[in-house]
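Taking the hints into account, I'd like the entire structure generated from these sequences.
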Amino acid sequence: MTPADLAETLRAIVCDLVADDELDVEVPAMVPVERPRVAGHGDYATPIALRLARPARRPPREIAEAVAARLRLDQAVSGVDVTAGGFLNIRLASDALGEIARTIVRAGDGYVRDTAARGVTAHGVTPGRPWPDGDNDHTGRPDGDDHAGGVRAVTGLTADLTDLADTGLAGLADLVSTVGTDAARYSLARLPPGSAGARDIDLIDLDVITRQANGNPVFRVQYAHARICLLLRNAGQLGLGVDVEGADVSLLTHPCEGDLLRALGDLPRAVAAAAEPWALYRVARYLEELADTYHRFHGVCEVLPRGGDAAGALTGARLLLADATRIVLAGGLHLLGVSAPTRM
Numbered sequence: 001m002t003p004a005d006l007a008e009t010l011r012a013i014v015c016d017l018v019a020d021d022e023l024d025v026e027v028p029a030m031v032p033v034e035r036p037r038v039a040g041h042g043d044y045a046t047p048i049a050l051r052l053a054r055p056a057r058r059p060p061r062e063i064a065e066a067v068a069a070r071l072r073l074d075q076a077v078s079g080v081d082v083t084a085g086g087f088l089n090i091r092l093a094s095d096a097l098g099e100i101a102r103t104i105v106r107a108g109d110g111y112v113r114d115t116a117a118r119g120v121t122a123h124g125v126t127p128g129r130p131w132p133d134g135d136n137d138h139t140g141r142p143d144g145d146d147h148a149g150g151v152r153a154v155t156g157l158t159a160d161l162t163d164l165a166d167t168g169l170a171g172l173a174d175l176v177s178t179v180g181t182d183a184a185r186y187s188l189a190r191l192p193p194g195s196a197g198a199r200d201i202d203l204i205d206l207d208v209i210t211r212q213a214n215g216n217p218v219f220r221v222q223y224a225h226a227r228i229c230l231l232l233r234n235a236g237q238l239g240l241g242v243d244v245e246g247a248d249v250s251l252l253t254h255p256c257e258g259d260l261l262r263a264l265g266d267l268p269r270a271v272a273a274a275a276e277p278w279a280l281y282r283v284a285r286y287l288e289e290l291a292d293t294y295h296r297f298h299g300v301c302e303v304l305p306r307g308g309d310a311a312g313a314l315t316g317a318r319l320l321l322a323d324a325t326r327i328v329l330a331g332g333l334h335l336l337g338v339s340a341p342t343r344m
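Going by UniProt numbering, the first residue of the sequence shown is number 1, and it counts up by one from there.
There may be inaccurate statements among the hints.
Quick list of the computed label-pair ranges, beta carbon to beta carbon [said to hold, decoys possible]:
(1) P32 with T181: 33 to 39 Å
(2) A107 with E276: 23 to 29 Å
(3) V244 with D309: 21 to 27 Å
(4) E62 with D309: 30 to 36 Å
(5) E65 with G312: 37 to 43 Å
(6) R57 with G215: 22 to 28 Å
(7) T181 with G85: 46 to 52 Å
(8) E34 with D109: 52 to 58 Å
(9) V244 with G85: 36 to 42 Å
(10) E289 with N234: 24 to 30 Å
(11) V38 with A107: 51 to 57 Å
(12) G215 with G307: 33 to 39 Å
Everything labelled a hint here was simulated from the structure, so no lab data went into it.
Quick reminder that beta carbons are idealized off the backbone N, C-alpha and C, glycines included.
Next comes the structure, spelled out in structure tokens:
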């Protein structure tokens, strides 16, 4: 169950409460689902009861209890806690959380592209066309005619670095020649809100982005992708592959596995937020968090069997999780116009 699936489930519950005359409100178009602010308080949280309290003229906790009672009947949910303020903290069953990985691998390399296209459409932007207004300091134009190109265009990413250099932005040309196109694109994409792209090249630390070290964000993300590709190649040499339908995702119960699954589930929110004008940094920061989460998982959870040990069901589940992470990292880098190397 992805956060989007959970949001739809919660909205359906509100619809049912209204239909059963237990709640007198207009059903919201979207139900917010977020990560809990405190670790250990479930997989996801929602403030929907607080949003409905005023129009319903009822205490938020009372509404939250009504929603929780119905949500607990869902087999994908293992527990629901209601806070004193009316927040719902939700724990998913291990197999439901693990289905996030299966959903991604089923969709394949198009998962991120399609997710991004939905995020753009939700913001009323036509893929492949630049933002119609605003003070634009970038040259935004589609990089190809696919949906991902449209997302890159509307977020201002696809400024052709060579074209920008030709307009007299010598600093940008120097940046590209010094660090390469990948590092230049990524570094510009992750500039903080309010930065003016090429005008703020001085914000980029050349010493950092030229190092092959964890302190270099583009290296960290690309290395996570390459690391997974190596893992999958090693699995192939052992006669193992990713079994999309056969993997038992209910076995993914380690805290590091749960963290990685939840990070994968955050992708739709990250790309939807990045569809706001010049909010592309959200995708870059998301990829960095995902890469860090994968590196922790890789360091703690053994994926492949050692020595002559036979591969068990957990191996298959972890290979699926690793492949889902590879797909999201590669797709996210593609949105930024950055390569996803398979070897480093």
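Hints and how they fare:
1. For the hinted restraint 33 to 39 Å between P32 and T181, the CB-CB distance of approximately 38 Å keeps it satisfied.
2. Between A107 and E276 the C-beta distance comes to about 24 Å, which sits within the given range of 23 to 29 Å.
3. Under the hint 21 to 27 Å, the C-beta atoms of V244 and D309, about 24 Å apart, fit the expected range.
4. For the pair E62 and D309, the beta carbons lie near 54 Å from each other, so the given range of 30 to 36 Å is not met.
5. The beta-carbon spacing between E65 and G312, approximately 42 Å, falls within the hinted interval of 37 to 43 Å.
6. For the pair R57 and G215, the beta carbons lie near 53 Å from each other, so the given range of 22 to 28 Å is not met.
7. Take T181 and G85: their Cβ atoms lie about 49 Å apart, and the range 46 to 52 Å holds.
8. Separated by about 28 Å at the C-beta atoms, E34 and D109 break the suggested range of 52 to 58 Å.
9. Roughly 41 Å separates the CB atoms of V244 and G85, a value that falls within the hinted 36 to 42 Å.
10. Distance hint check: the CB atoms of E289 and N234 are about 26 Å apart, consistent with the given range 24 to 30 Å.
11. In this structure the hint that V38 and A107 lie 51 to 57 Å apart at CB is violated, the actual value being about 32 Å.
12. For G215 and G307, the hinted distance range of 33 to 39 Å is satisfied, since their beta carbons lie about 35 Å from each other.
The structure is inconsistent with the numbered hints 4, 6, 8, 11, although it conforms to all the rest.
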